[in-house]
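> Here are the chains, one letter per residue:
There are 2 protein chains.
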Amino acid sequence: MNKIVETVPNFSEGRDEEKIKRIVSSLNQHPTIHVLSCESDSDYNRTVLTLLGSPEEMQDALLDLVGVCEKEIDLNTHQGEHPRMGAVDVIPFIPVKNITMDECVGCAKKLGQAINECYHIPVFFYAEAATNPERVLLPNIRKGEFEGMKTKIKDPDWHPDCGTPDIHPTFGALAVGARPFLIAYNIDLDSRDEKIASAIAKAIRKSSGGFQYIQAGPAFLAQRGHVQVTMNILDYKKNPLYRIFETVRMEARRYLVLATSAEIVGLMPKEALVQSLDYYLQANKEAIKAKTLSHQELVELGRRYLLLREFEVTKLVEHYLEQPE
Amino acid sequence: MNKIVETVPNFSEGRDEEKIKRIVSSLNQHPTIHVLSCESDSDYNRTVLTLLGSPEEMQDALLDLVGVCEKEIDLNTHQGEHPRMGAVDVIPFIPVKNITMDECVGCAKKLGQAINECYHIPVFFYAEAATNPERVLLPNIRKGEFEGMKTKIKDPDWHPDCGTPDIHPTFGALAVGARPFLIAYNIDLDSRDEKIASAIAKAIRKSSGGFQYIQAGPAFLAQRGHVQVTMNILDYKKNPLYRIFETVRMEARRYLVLATSAEIVGLMPKEALVQSLDYYLQANKEAIKAKTLSHQELVELGRRYLLLREFEVTKLVEHYLEQPE
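Protein sequence lines correspond, in order, to chains H and G. Residues in the first sequence are numbered consecutively from 1, following the numbering used here. Residues in the second sequence are numbered consecutively from 1, following the numbering used here.
Among these hints, one or two may not hold up.
Identical copies carry no separate label here, and so any pair may be met within one copy or between two of them.
What the hints assert, rightly or not - Only pairs whose alpha carbons sit at most 27 Å apart, straight line, appear in this in silico BS3-like list of lysine-lysine:
#1 Lys238 to Lys206
#2 Lys285 to Lys143
#3 Lys237 to Lys202
#4 Lys195 to Lys285
In case anyone wonders, no lab produced these hints; they're calculated from the structure.
Given the sequences, and given the hints that come with them, work out the whole structure.
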């Protein structure tokens, strides 16, 4: 069973295209690492990469990436709108396939140690890898940014998890951690009334009493001419898509409104689709298990049961790992 | 709009029937206070009263009740299995009708002050009335019980909210607070498989990612020969019955199991029924509002839409307030 991890390293260069190219090309030495996306923002002056690969190769690739950034980026002369404390600012490990959260925490810790040993960069562990509650949320760690970290890191409460309490003079400091895969999921309603989308969002989201791992709000899609319940699913194992979709449908019924379609923004792990399709296959007494189906078959069932629109195999993380010849 | 509050005072006598009668009869001076239940347990050696009435009359009645207990009960000679720190141990105010939680917190604070002034009993505010996070949960306050409170109350962290840091020599100390109405709600499944009830309970309860105000678990009803999802709804406004019922039905579908009926254990506020029936009336395009209906009509719709069994007007708190002539 080959293990697959996603990482989303953020580095502090979003303007100099040549420099960005040199940094990203360090990944070419690791041909099994897939670069799913590379998004630079010149206002933020940072670049966000989405990478997929085996946990071991990923650690090697990121160690190289951090090494190149250490040479290329000097935060003493860096300006941008997005808060940052390091030339590479943050690296989250996200379990995608055949790998547990604990293993991802292990990856984060091993990589953090290696980065500190190679480049003398102080590393903080955050999110699921945090060593105390104050370090769970990245903004807590990053507060003060590169400029403030010089003194903040001397405070015993903010000594790094790896390394001595000194920032790297040009790189700064880095946060490495692990977090669950987040699915951006929107459900379309055949209504133009944002109040209805808002009432439904309130019924299902954590902040007003709903499901624990759901963030939700209303949105009006002017071009399409209808409202949406727009959501993040922070843990699709505990709050599967089908449960959210059926609960939204049920709530919509009182407004005599239908959930006509839905969409996944970005990617989703195949497992999240399989898990939700199994609900419908079982409820409809179909004698098949979703996990036995091809990507194409899964996607077709996703359109049928979850009413996912513009839903292609390219929406599955695994598509980039198991390309047909 | 007459305001109605429920209170559930617990006093530390569950064996001496004559004494219990003398204590409870103090309520006779307050004819508008309804005693919904009076349950004594001789092992626990305590009695739990459920009272309904207006907030003002309730405060007067409870001040009298505490006064009688102060004369009748000496905790120096009291033994029983249930932890206790006072002759009256705890009094929660629960909003029932036309009254907010904030007003109930106000009642708790006023009553606490009055009790301290009249009888020199130290009072702690708990739950929604707590003055700091350590005092939200009653067991935190009560830890050490009557015997330990003599020294605990001297600790600045445990000075009472009303009174000097000394226990009353025979009464001890009292917790007064405010909390939401809790509905005990069970949904019957046409299955004998406890695993199914357990999986559904996990899907909906807070502790495994479900709705924020739901506690749930499986139960097998041997006499009736089927399983149940057995629940507490800690906030029926944020997690209304219909939403829980429909979500349980939806989850049951994958096991090809039906939710055949449901039950309310104890009482429920009429508002909780009205709120859930409005969902079904709207979804079925009925041009009526549940709040305009009689108790009898509401109960009939509760049986039809929520499949509530053994469901009579006597299940509504308001039945005891608005008895027909």
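> At most 27 Å between alpha carbons: which applies to Lys237 and Lys202, within, between, both or neither?
Answer is both; intra-copy 21 Å and inter-copy 12 Å each pass.
> How would you label the pair Lys195, Lys285 (within, between, both, or neither) given a Cα cut-off of 27 Å?
Between copies only: 19 Å across, 37 Å inside.
> At most 27 Å between C-alpha atoms: does Lys238 with Lys206 qualify within a copy, between copies, both, or neither?
For Lys238 and Lys206, the Cα distance is within 27 Å both inside one copy (13 Å) and across copies (11 Å).
> From the Cα coordinates, with 27 Å as the cut-off, is the pair Lys285 and Lys143 best called within, between, both, or neither?
neither (53 Å within a copy, 53 Å between copies)
Hint compliance for this structure: hint 2 is the single one not met.
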